[in-house]
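Residue numbers (our numbering), protein chains in the order written: chain A, 1 to 115; chain B, 1001 to 1115.
Worth flagging that the hints you see were computed from the coordinates, not collected in a lab.
Bear in mind that the values here come from a model prediction, so they are computed numbers and not experimental data.
Note that the Cβ used here is the ideal one computed from N, Cα and C, for glycine as well.
DSBU-like mimics (lysine-lysine), calculated; alpha carbons at most 30 Å apart, straight line:
1) K1003(B) <-> K1070(B)
2) K57(A) <-> K1003(B)
3) K1070(B) <-> K1038(B)
4) K1038(B) <-> K1016(B)
5) K1070(B) <-> K1102(B)
6) K71(A) <-> K57(A)
7) K11(A) <-> K57(A)
8) K1038(B) <-> K11(A)
9) K1102(B) <-> K57(A)
10) K14(A) <-> K57(A)
11) K1102(B) <-> K71(A)
12) K1102(B) <-> K11(A)
13) K1038(B) <-> K57(A)
14) K71(A) <-> K11(A)
15) K1038(B) <-> K1003(B)
16) K1003(B) <-> K1102(B)
17) K1102(B) <-> K1038(B)
FRET-style restraints, in silico, Cβ to Cβ:
18) T13(A) <-> T1072(B): 44 to 50 Å
19) E83(A) <-> T1031(B): 36 to 42 Å
20) R1063(B) <-> P70(A): 41 to 47 Å
If you want the ones that stay clear, here's a sample from chain B, every Cβ over 10 Å from chain A, calculated:
21) A1007
22) K1016
23) Y1064
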Amino acid sequence: DTGVSQDPRHKITKRGQNVTFRCDPISEHNRLYWYRQTLGQGPEFLTYFQNEAQLEKSRLLSDRFSAERPKGSFSTLEIQRTEQGDSAMYLCASSQSGSGYNEQFFGPGTRLTVL
Amino acid sequence: AQKVTQAQTEISVVEKEDVTLDCVYETRDTTYYLFWYKQPPSGELVFLIRRNSFDEQNEISGRYSWNFQKSTSSFNFTITASQVVDSAVYFCALRAGGDDYKLSFGAGTTVTVRA
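Required output: the full structure, derived from the provided sequences and hints.
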């Protein structure tokens, strides 16, 4: 079990550019989550997949954000026309359904800096 | 709506002292789940402990223990005999029961353990 992995770990981009992040969950986990964490705050929920279906999106996920999980395995999060306010750590987590606790295991995150 | 409050922003202790982290939550659900996560300087959130709303038995796991009290909506976490490696940001998180799987996090408490 290799845990949740995310790529890249760091991304610096200029305002207005598009960026895409990838998340590979723990292999047997069917649920995948994206969170955003700004400095000094706890993570905030963005969106959640069960297999390939995107079941919930937060109001934080503006039209410039899109997430996919095409084959129910890895997921991508794309931000179009980045703004300085998008600078944050983007965290991916996965869990396995069937457990009441559904504890989520997190990846190392992708730190985005928008100049 | 779920809300988690961690009133302590920072705690600094000397090695071997005990550290207790406070967490107060708000929820309208009768079934819910509570978690503590640790975020070391490397950035990856690490799952520590969990508790469900219908089990108020407090437990000890190694140097970690927790005190769950529904009457006061509190889920406090204690590290016994702290070590330098315990230095990190600690987050309390809440998840509703049923099909709502997103975690609501507090703002975190930064723990610094000095040698």
